[in-house]
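Chemist: Below, each chain spelled out in residue letters.
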Amino acid sequence: MTPNAATPAGSDAELQLGEGGNLRHLLTLKGMTRKAMIDLLDAAESFLSPPGDPPQRSNILAGRTVGNLFFEASTRTRASFDLAGRRLGADVLNLDVNTSSRKKGESILDTIYTLEAMAVDFMVVRDAGAGIPAYIARHVKKHVSVLNAGEADVSHPTQGLLDVMTIRHHKPDFANLVVAIVGDIRHSRVARSAAQALRTLEVGELRLVSPPGMAAEDADLEFARRVDKLDDGLRDADVVMALRIQRERIQDIEGIVDIDNYTRDFGVTRERMKLAKPDAIVMHPGPMNRGIEIEGSLADGEQSVITEQVTNGVAIRMAVLAHIARSHGAW
Amino acid sequence: MTPNAATPAGSDAELQLGEGGNLRHLLTLKGMTRKAMIDLLDAAESFLSPPGDPPQRSNILAGRTVGNLFFEASTRTRASFDLAGRRLGADVLNLDVNTSSRKKGESILDTIYTLEAMAVDFMVVRDAGAGIPAYIARHVKKHVSVLNAGEADVSHPTQGLLDVMTIRHHKPDFANLVVAIVGDIRHSRVARSAAQALRTLEVGELRLVSPPGMAAEDADLEFARRVDKLDDGLRDADVVMALRIQRERIQDIEGIVDIDNYTRDFGVTRERMKLAKPDAIVMHPGPMNRGIEIEGSLADGEQSVITEQVTNGVAIRMAVLAHIARSHGAW
Amino acid sequence: MTPNAATPAGSDAELQLGEGGNLRHLLTLKGMTRKAMIDLLDAAESFLSPPGDPPQRSNILAGRTVGNLFFEASTRTRASFDLAGRRLGADVLNLDVNTSSRKKGESILDTIYTLEAMAVDFMVVRDAGAGIPAYIARHVKKHVSVLNAGEADVSHPTQGLLDVMTIRHHKPDFANLVVAIVGDIRHSRVARSAAQALRTLEVGELRLVSPPGMAAEDADLEFARRVDKLDDGLRDADVVMALRIQRERIQDIEGIVDIDNYTRDFGVTRERMKLAKPDAIVMHPGPMNRGIEIEGSLADGEQSVITEQVTNGVAIRMAVLAHIARSHGAW
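Protein chains in written order, with the numbering used here: chain A, 8 to 338; chain B, 8 to 338; chain C, 8 to 338.
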């Protein structure tokens, strides 16, 4: 397995770099160098505190404003960016926006231009449409940064970073790791960004475990092994990440998966985890459907690192914001 | 009338105490000692400012995060905790949550675990379900505190504290006081917590004034006098607290009360207040239905201490947060 | 054209003045002196920063609380007041309120009394009802200030101020200016406040350009020229302000305007702007319906000062808040 090729011109990967090759936006993990990724993970480590201690703070964003534009509903990711921004000294503006109030491409830009004109320097954007973060990034002034907080089924880069940060803490030797991501790979931006980050860190083996109807066809995922039986996916794995089944969309996916038997066939349980390595860790991006894609007692058990993922999420978002603030050519 | 018996093991009262017997959570007023309650009232006094002066501030919660989890709608209590937290230097996170997004017991815990992992140290919880604050308190890590901001019809401890704080300001001699609470006692957490606080402070006489269908059966309220005629309830009272009639639920309560005549029978008016002591004070937890359970001109008149209750509410919440922060064994 | 007559007793204009004749509330631009207005514009200039620089900050509102009470939905005006308050050091409380939760006049006062009792010193109010800001201002304690953030179709004073601030930056010689406001004048609080501000600054000529069914009948607007053909309105204009067509209300206005042909007849386009002076500027209060009342490429073009209006809006709100804080007799 080899790391990514050089950043192609005109790509999101190129678009997100500012002067000196530092991040100006965070749109994608594609094309991010191994060194750049490790630097972010290291920076995020420095934002961790022991449980119960007050969280780390800094004033690097003092006087700056972070705008949270979540065109899709979110509780945890929004809260995570909110706290990350405030703990770096920023003013955080949470906007009430939703897709229904937006009829066409221009009007999202008008919202962005309005915030830009109010001196909002960071636009944290979640949207159900593919390409929206890059579209925004192409239109903002040079002092503004765009952070992708979840883009359709395409990518969720801070989630990918917090996932590899969590894995690295427990299993630092990526070259010898077997990682299994289990569930609806096809529609999952979490899987895509985790896969991208794992590839950049040169993971030994990545298994994408799903019913055939939920397998992904992306060329970018060809380096990974497709597995359509859970037992084969879990066997000797070091890391198992269960993905959320979006029950609110169940009617849409009946044609592609035997949903009544999903838990029997693809639910990650304590019993089934015996196939994995004894010290394997269990991950989930949340929110969980306990008893569906993951057994509750497994989520709460010793192998689970699910709440560590949440903690690391705040630290990763602080690291990204601080990195951009520090290296911003326009400031 | 005697104060409460000692705190029974395994009760909410015991659960809410940390090391050294100080409050770690605030779940209930049951079992709180008279001394502990008076200490909180005294601390709250120190957070008051003259009208027009800036509110008192402190940095005791600097670097800490308060999460407002209101699973039931609220404007005033949420705003009160929000301002209390910020005026003590905390970051306050207001979460958009509602019962519809929560299907079972586990998922509220997952929300809590997520916030805990984001270093939210105080969980301010309002919920329509009995036992939820204690349930959460049993599951959080030892550096986390749970504050009950309204629990079903069971309790609303900061409301009870602000009520006795307000009474004490005007009528410090509790042993010689006659207090009348008027309205739907049965479904009122406000009545229960006020009654509990008054009992702890050894009030002379508490009258619970309601139509028979709205009387409460709780053993905890047996120390109080049940009165089913408003005139009998008001006669020579020092303090009269009118409860909100929840008109949005009127259809549910038609069987138990003659709602068309409610105002005639149980509406507290200026005329009727002539039965009470000349210097009696009038209270209401808000929001009021003027012209229903309370006459508007009475609410705005000289006897009314309704806005003082609001002011004292912020001070009480600051006192509780500061007390917990100061005595927190885990920090 | 002459400036306004002296402030009539009992008017909103009088009501909004505190001790020494300084602003205590901002309810209306009517009756504001030319000097007072220019002082506010000058103060707002001092709150501007170069793009990319952090916004200006001050601690003049440190320890004070600003409450945003938007009984009508708003994104940009709410965000603008929110950032203005925070950049002056205030705590800002955004309240979830809407008309549906409010049945009668008294209950809005109870919300205000509650906030007043929580030491909210500034009430920023948007409401669909005429007279609400003044009604509130008549009832608050003397340390509380009320800021009109949009009142029915009556007025929107901070919008009027930001509009003349933007015009002044490009065209300081008001006596020789021709300003055209285009669109639904009749229902527009933006048009009324802009007209008022322009009148106070003694603008050379104000044209109100609309279909006859959207013309305003107000006596206050008699100083302006009514024009019912766009070409006549634009000819040799220095400033062109297009108003938003509220498409969500289109069914209500079909009787008064030929909506299918609105864009043909009253849409401001690049082609049509050739009738105006070559250096004319184009304004819009936002949010825009691109392709309806304004051509998108015009909104994004060199003549457009639309994002400057947004930037100036934050500065104007900071100037108003700071002015009131500085001159507040009750503090």
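Be aware that one or more of the hints could be misleading.
To be verified - Computed cross-link-like contacts, SDA-like style, restricted to lysine to any residue with a CA-CA straight-line distance of at most 25 Å: (1) B:K149 x A:S304; (2) A:K148 x C:E52; (3) C:K148 x B:A43; (4) C:K149 x B:F181; (5) C:K284 x C:S304; (6) A:K148 x C:D46; (7) B:K148 x A:K148; (8) B:K148 x A:H335; (9) C:K149 x B:K149; (10) B:K149 x A:S56; (11) B:K148 x A:K281; (12) B:K149 x A:K148.
What the hints assert, rightly or not - Residues of chain C placed beyond 12 Å of chain B at every Cβ, according to the derived structure: (13) G74; (14) R83; (15) D117; (16) E123.
Since the hints were made in silico from the structure, they are not lab data.
Glycine residues also receive a C-beta, built at the ideal position from the N, C-alpha and C atoms.
Chemist: Tell me the hint numbers this structure goes against, listed in increasing order.
Modeler: 3, 4, 6, 7, 8, 9, 11, 12, 13, 15, 16
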